[in-house]
Amino acid sequence: MSIKIAIADDELLFRQGLRAILSKQDDIEILFGASDGKDLTEQLNTCKQKPEIIITDLKMPEMDGIEATKIIRSTFPDIKVIALTSYFTKPFIVNMIAIGAVAYLAKNSTPALMVKTIREVYAKGFFYDEKVLKFIMEGAGKRISPIKPNSFDESTLSKREIETLELICQQFTTSEIAEKLFISPRTVEVHRNNLLLKTEVKNVAGLVIYAIQHNLVTFDKFY
Amino acid sequence: MEKIELKLKNQREVLQATIATQEDERKRIAQDMHDAISSKLNVISLTTNLLLESDDILDIDKQSLEHILTINNTVLESSRKIAHDLLPPVLEKFGLKVALEELFDDYIQASKLQILHDIKTLPDLSHMEELHIFRIIQELINNALKHAQATQLKIDLINTSNGFDLSFSDNGKGFDQNKTDLKAGLGLQNLKSRAAILKCDLLIQSSINNGSTFNFKTKNQDVN
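If you're matching them up, the sequences are chains A and B in order.
All letters in the first sequence, in the order written, are residues 164 to 386 by this note's numbering.
All letters in the second sequence, in the order written, are residues 77 to 300 by this note's numbering.
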């Protein structure tokens with residue numbers, strides 16, 4: 164089983180370089196490349212085998228990576244989006260995560276970090292490195308994700324759900340969480356689904372942001 | 077008398093056109109910086125990383141490649157910064173509110189300035205109008221720091237029924253509105269031109285040692 168990936172970047176040389184790096188990995192398979200957001204969404208609509216992860220540049224002609232991410236989030240909610248960009252600054256990171264990107268990579272990251280990010284996203288649904296987490300924490304006071312007013316009160320989360328949430332934030336997999344809490348992986352999934360429903364976020368990445376914003380976890384628990 | 081009026085009106089129009097052209101040029105250069113320079117530097121970084129990954133690489137080659145990578149990253153950062161100073165990409169991608177918050181953060185980190193702000197989302201503004209408001213605030217903060225030596229600013233941007241209302245106050249040393257020097261006069265002229273482009277009334281209140289307040293407010297339609 165390999166991780167199916169699509170890459171969107173308007174710079175052909177960059178796409179080729181990234182392809183060269185990723186195709187060295189046995190567990191990663193690149194399905195297709197796209198030259199901008201429009202090309203990406205068109206190929207997504209027509210391709211038989213859908214990618215599990217999309218790596219997209221932000222600044223592209225025709226349709227940029229921000230618009231493309233919004234469309235993918237609503238049309239193909241199961242596909243995870245990793246933003247890969249030259250804009251490694253707080254407002255970009257915070258806003259990209261708010262619209263549904265599950266990881267954020269600088270274009271000059273090391274290949275090792277790129278591969279690690281893909282594997283983590285595949286296994287756990289999201290990956291934020293230390294720098295990205297720091298920006299999320301700083302942005303937390305500003306309510307970066309759309310939290311509906313009066314929609315939810317933390318006290319309605321059960322103790323087990325909060326424990327699951329904490330372990331999700333520490334990047335444990337479902338089976339690891341099951342082992343730690345002495346419950347079955349299925350039960351972990353039930354807790355996770357309940358968390359998604361109760362917090363009204365779209366994905367695991369949203370749960371992490373939710374936990375940070377509501378002070379349900381502290382920063383030192385991440386590492 | 078009419079001739080002088082006409083001449084002044086022409087001068088104002090030339091100034092406004094100059095500002096618009098300047099913004100177009102800045103945007104073009106920022107775009108070129110990204111397309112022609114930054115994106116290629118990213119390819120260099122990727123390719124160098126690829127070479128560094130090979131197992132049979134000599135130590136001496138490895139050092140050279142790492143040197144290339146370090147320099148490349150420095151140039152990449154400079155290129156990003158130059159493009160950012162010309163036109164902050166956040167403004168185009170995420171709008172005025174996010175761009176202003178980034179601007180305030182940058183100033184707060186770089187200086188001892190305190191900025192109290194309340195920036196509302198103004199959905200009816202065009203990209204160009206957002207850019208002019210951004211430049212006005214940038215100019216006002218710069219002036220407050222450089223000329224007025226202010227330590228505290230209060231910046232509010234709110235919706236009104238026909239546009240917006242921007243108010244900017246500093247606790248700097250203020251100025252005599254009847255006696256502005258040439259250099260400060262030019263900055264003021266720029267603010268006035270941008271206000272005219274935005275169809276705003278500009279109200280300035282300042283006196284020596286009492287700080288300054290600048291208020292930009294969309295003109296009433298029927299006055300036009």
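Think of the hints as simulated: they come from the structure by calculation, not from any bench.
All values reported here derive from a predicted model rather than from experimental measurement.
Heads up, some of the hints might be wrong.
[Said to hold, decoys possible] A partial selection of chain B residues facing chain A, derived with a Cβ cut-off under 7 angstroms: (1) Ser-114; (2) Ser-121; (3) Thr-124; (4) Leu-126; (5) Ser-130; (6) Asp-161; (7) Pro-165; (8) Val-166.
[Claimed, not checked] Calculated pairs, EDC-like style, for lysine to aspartate or glutamate (alpha carbon to alpha carbon, straight line, at most 20 angstroms): (9) Lys-297(A) / Asp-182(B); (10) Lys-116(B) / Glu-230(A); (11) Lys-253(A) / Asp-182(B); (12) Lys-187(A) / Asp-111(B); (13) Lys-294(A) / Asp-181(B); (14) Lys-297(A) / Glu-206(B); (15) Lys-201(A) / Asp-181(B); (16) Lys-103(B) / Glu-301(A); (17) Lys-233(A) / Asp-111(B); (18) Lys-187(A) / Glu-129(B); (19) Lys-169(B) / Asp-173(A); (20) Lys-297(A) / Glu-177(B); (21) Lys-253(A) / Glu-129(B); (22) Lys-169(B) / Asp-227(A); (23) Lys-188(B) / Glu-301(A); (24) Lys-297(A) / Glu-168(B); (25) Lys-201(A) / Glu-178(B); (26) Lys-253(A) / Glu-168(B); (27) Lys-169(B) / Glu-206(B); (28) Lys-169(B) / Glu-225(A); (29) Lys-253(A) / Asp-132(B); (30) Lys-253(A) / Glu-177(B); (31) Lys-173(B) / Glu-301(A); (32) Lys-116(B) / Glu-301(A); (33) Lys-169(B) / Glu-230(A); (34) Lys-173(B) / Glu-174(A); (35) Lys-294(A) / Asp-182(B); (36) Lys-187(A) / Asp-131(B); (37) Lys-116(B) / Asp-227(A); (38) Lys-253(A) / Asp-161(B).
Every residue, glycine too, gets a C-beta built ideally from N, C-alpha and C.
* Hinted pair Lys-253(A) and Glu-177(B), Cα distance within 20 angstroms -> Satisfied, since the Cα-Cα distance of roughly 10 angstroms is no more than 20 angstroms.
* To do: Sort out whether Glu-206(B) lies within 20 angstroms of Lys-297(A), counting only the CA atoms.
  => Violated, because 29 angstroms separates the two Cα atoms, which is more than 20 angstroms.
* Has the given pair, Lys-297(A) with Asp-182(B), been kept, meaning a C-alpha gap of at most 20 angstroms? -> Holds, at about 16 angstroms.
* Does Lys-169(B) pair with Asp-173(A) here, judged by a C-alpha cut-off of 20 angstroms? -> holds (17 angstroms)
* Could you check if Asp-161(B) really has its C-beta closer than 7 angstroms to a C-beta on chain A? => violated (13 angstroms)
* Does the structure keep Lys-169(B) and Glu-230(A) at a Cα separation of 20 angstroms or less? -> Since the Cα atoms of Lys-169(B) and Glu-230(A) sit roughly 10 angstroms apart, the hinted pair holds (cutoff 20 angstroms).
* Under 7 angstroms, Cβ to Cβ, is where Val-166(B) needs to be relative to chain A, so tell me if that hint holds or is violated. => holds (5 angstroms)
* 20 angstroms Cα cutoff - pair Lys-116(B), Glu-301(A) -> This hinted pair is violated, its Cα atoms lying about 32 angstroms apart.
* Holds or violated: Lys-169(B) with Asp-227(A), Cα cutoff 20 angstroms? -> holds (9 angstroms)
* Asked: Given the proposed pairing of Lys-187(A) with Glu-129(B), does the C-alpha separation stay at or below 20 angstroms?
  -> holds (11 angstroms)
* When the least beta-carbon distance from Pro-165(B) to chain A is tested against 7 angstroms, hint result -> Since the shortest Cβ distance to chain A is 6 angstroms, the answer is holds.
* **20 angstroms limit on alpha-carbon distance, applied to hinted pair Lys-253(A) and Glu-129(B)** => violated (30 angstroms)
When each numbered hint is compared with the structure, violations occur for hints 3, 5, 6, 10, 12, 14, 15, 16, 17, 21, 24, 25, 29, 32, 34.
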